[in-house]
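Work the whole structure out from these sequences, hints included.
In the order they appear, the protein sequences are chains A and B. Everything in the first sequence is counted per our numbering, starting at 1 for the first residue and increasing by one. Everything in the second sequence is counted per our numbering, starting at 1 for the first residue and increasing by one.
Don't take each hint at face value.
[To be verified] If you want the ones that stay clear, here's a sample from chain B, every Cβ over 10 Å from chain A, calculated: (1) W60; (2) D81; (3) G222; (4) L430.
[What the hints assert, rightly or not] Chain A regions said to be covered by chain B (calculated; three or more residues, Cβ under 8 Å): (5) 167 to 180; (6) 255 to 262.
Just so you know, these hints were derived from the structure itself, not from any lab. Since we're looking at a predicted model, the values are computed, not measured. Note that the Cβ used here is the ideal one computed from N, Cα and C, for glycine as well.
What follows is each chain in one-letter form.
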Amino acid sequence: MADLLELTPQGLYCREGDFHVDPWRGVPRAIVTHAHADHARPGCDRYLCAARGTLVLRERVGGGAPIDTLRWGESLSINGVKVSLHPSGHVLGAAQVRLEHRGRVWVVSGDYKVCDAFEPVACDVFVTESTFGLPIYRWAGPDRVAAEINAWWRDNQAAGRTSVILAYALGKGQRIAAIVDPAIGPIVAHGAVMKMVRAYRDSGVRLPPIDGVPPRARRVGDGRALVIAPPSVAGSRWLRLFGEASVAPASGWMTVRGIRRRRGCERGFVLSDHADFPGLLGAIEATRARRVLVTHGASESLARLLCERGLDAAPLATRFTGERPPDDATDDEADEPHDVRAAVEEGV
Amino acid sequence: MKDFAALYWRLDATTGTSGKLAALRDYFSAAPADDAACALHLLSGGKQSRAVSTTLLREWAAEAAGIPLWLLEECYAQVGDLAETLALVLPPPKADAAPGEAGLAAWIRTTIEPLRAADEPRKKEIVRDAWRRLHADERIVWHKLLTGGCRVGVSRTLVARALAEVAGIDPAVMTHRLMGGGIGSADDYRRLFSSEPGDADSQRPYPFFLASALDEPPESLGPVADWQAEWKWDGARGQVVRRGGACAVWTRGEELVSDSFPEIVAAAAALPDGIVLDGELLAVRADALLGFSALSRRIGRRRVTKKVLADVPCAFVAYDLLEEAGRDLRDQPLAERRRKLEALSLPAFPAPGATLQLSPRLAAATWAELAATRASARDRGVEGLMLKRLASAYGTGRTRGEWWKWKIEPLEIDAVLLYAQAGHGRRAGLHSDYTLGVWHEGRLVTVAKAYSGLTDAEIVEVDRIVRATTVGKHGPVRICSPTLVFQLAFEGVARSTRHKSGVAVRFPRIVRWRRDKQPEDAGSLADLFAMIDALPTPEPAT
Ligand SMILES: [Zn+2]
Ligand SMILES: [Zn+2]
Chain A
1 MADLLELTPQ GLYCREGDFH VDPWRGVPRA IVTHAHADHA RPGCDRYLCA ARGTLVLRER
61 VGGGAPIDTL RWGESLSING VKVSLHPSGH VLGAAQVRLE HRGRVWVVSG DYKVCDAFEP
121 VACDVFVTES TFGLPIYRWA GPDRVAAEIN AWWRDNQAAG RTSVILAYAL GKGQRIAAIV
181 DPAIGPIVAH GAVMKMVRAY RDSGVRLPPI DGVPPRARRV GDGRALVIAP PSVAGSRWLR
241 LFGEASVAPA SGWMTVRGIR RRRGCERGFV LSDHADFPGL LGAIEATRAR RVLVTHGASE
301 SLARLLCERG LDAAPLATRF TGERPPDDAT DDEADEPHDV RAAVEEGV
Chain B
1 MKDFAALYWR LDATTGTSGK LAALRDYFSA APADDAACAL HLLSGGKQSR AVSTTLLREW
61 AAEAAGIPLW LLEECYAQVG DLAETLALVL PPPKADAAPG EAGLAAWIRT TIEPLRAADE
121 PRKKEIVRDA WRRLHADERI VWHKLLTGGC RVGVSRTLVA RALAEVAGID PAVMTHRLMG
181 GGIGSADDYR RLFSSEPGDA DSQRPYPFFL ASALDEPPES LGPVADWQAE WKWDGARGQV
241 VRRGGACAVW TRGEELVSDS FPEIVAAAAA LPDGIVLDGE LLAVRADALL GFSALSRRIG
301 RRRVTKKVLA DVPCAFVAYD LLEEAGRDLR DQPLAERRRK LEALSLPAFP APGATLQLSP
361 RLAAATWAEL AATRASARDR GVEGLMLKRL ASAYGTGRTR GEWWKWKIEP LEIDAVLLYA
421 QAGHGRRAGL HSDYTLGVWH EGRLVTVAKA YSGLTDAEIV EVDRIVRATT VGKHGPVRIC
481 SPTLVFQLAF EGVARSTRHK SGVAVRFPRI VRWRRDKQPE DAGSLADLFA MIDALPTPEP
541 AT
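The following block contains the structure:
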């Protein structure tokens, strides 16, 4: 029997249902796991995503094309293929896509983080990400990371330095705002982060007060603020708005000192919206899938390990950007929209 | 352990001198003497040895982490540092572990020294127990101790300054007390803080005064008459200390190498007492310089066999006098020190058969004349000229403007990138160690391995090209289809039977990326042989 999903120049394609999952080119019908740029591209005629993710997806793909939605677990039949979406714990509205056709069940994980929100979905074939698919990646609890950030923020305040934390505009930025202690000082966000903060709030997510950066501002804050900005501002003019600043990326890659040092940052926080290595193995096991297709990052080694453990596993050559080496200074764990760069240039 | 690990990471994270100085000061003012003595040994680049093989460590770590060995190797390729890789793959320490409470000295005494003599099962037991007690940051440092590779990026001068500040004594005095290492115990360490001059100082050398590379035209240095010119020897910098009826030979690495140079020690006994000579250790037969590689057969050896003594005869060529009749001359101008040095009547190089020789002054009335002399340097087997201001005192460390190395231009060839491997440390995960080749009979043959001399941005770019042009892999080494051409500089080239290409280049390094060239434009083996033929065999430098 043919595979339920196959790789075409446009991306993962379901022939039976005549739709794509996270295509990287414009297609008639796209099911989108989440709104990061490597998974959601503008230019499709019609989108389907989780109801929770509608507003952020709209931010990403612009107006025009209709976005259909499904509530968690709700199913829809597309040309006889039963489609349902299940939380992946990655960013707001990020879904795993479950496809069922003639007794076969495939699940495409998109990007996922093993947390309370993540829902393991049993399947025959699991298409998993592997951004941090090496055993060196093991995350500490969010409380510990929050405590580290808070302590750093306080130290910087004492020295009159602004604290600038580099994080993805979608997901990581909001997560940081949610875990730090807002009593320490004002939280300020870059325009690109702010846009997604609004989408989060409009979707009903509670976040502490966050200030934007006024247009044409010459100087912002007095060294007390925590600034959340996308990684692309590193080394840019925009950063000068804050005077003396300590800049620290927040990313899973910060586990490795060499990568941290190459960024020229004295600090870095290990904080990721992706599963760590134990998380990946646990999630894969929980699906009870016999066959595993691995995308992103460490796909070859994770597939090899799974094979050695008796699964039928193989890497899948997608264009999800975790495959980029971590030295790419502009894009980190994934996903920075191009308009962020434009925003940086404008000084917004 | 906790405190030393904290120091290690603080130094690692600090780029500025004042920050590093503060870190050192904080550590030494709080550390117990036995820990401080160990730390000092490590910080000053003292000898370390491997207590357990990295092969075993890898196996045990993979086992403890529950992963296959190949996966650990993949992690290593990404992390670029074995100590860190092991620390990261291991399961976190026991929550109830009281980690670094014991000090550095105790850790070394209980977990590193016993390893050397232990059998394998016992070794494993000690290592696994330590893993259970250490946090990732501490593990990295401990692994480095274990494998004898604990190096910290601080200069000895800075360590000396920090200790001087803690002790409240003159940094120069502290630097001198630290010379020659030998701080093995808490008592040795405490003696550093003594307010009286120590008696252990008797055979210690002076801190070496260093030269900077001259990158301006020499005319910028003013009148040539203000300068003393000598050959820049291709040997090892050293001091001969003749005091209290004994003699000692030291290298610039502050290593006591008297045992490696018995003939120099014997010859120095003829000097009057209370003399310290600064100069160069050279491998020299009759009047032919044998070069640095020959010298390395002597310098690295604790015991020198009769055969090596006969194969590699050595001499000490003196160019400065730092102490006379027990009096420190370093504050006097070079002209005065030179006068006194010449008064010792050592025969000037080349003086076949003499073990102690005088480095001759090269006379020149104009810079142009000196430039002509310098042009003959390669033929003579020397690296160029040294220019020393006649009015200069003998300082410590490197003082720009007083002493210059005016080296000859390196040899160069354009070579093609054939293999690339990920680098370490700051370049972890980036392909920055290159193997380069030149043409021979229609094929590219490897001639040199060079660490990148490119800018950080270029390295990232090259890394991307390497990944995109990889045609095969050999472990961590990527085989690339030839696309990139680099200008390769090197100090020397010689025929070699140990290299497949038949040539060996010395100190190869990449000067620049020749984006303007295609692989077809690269040099050939024939070009290298032509360079060899153009070099005269080592002959008397007159
Ligand atoms: Zn994502
Ligand atoms: Zn992704």
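Right, here's what the structure says about each hint:
{"no.": "1", "hint": "W60", "in the structure": "15 Å, holds"}
{"no.": "2", "hint": "D81", "in the structure": "7 Å, violated"}
{"no.": "3", "hint": "G222", "in the structure": "39 Å, holds"}
{"no.": "4", "hint": "L430", "in the structure": "6 Å, violated"}
{"no.": "5", "hint": "167 to 180", "in the structure": "violated (count 0)"}
{"no.": "6", "hint": "255 to 262", "in the structure": "holds (count 7)"}
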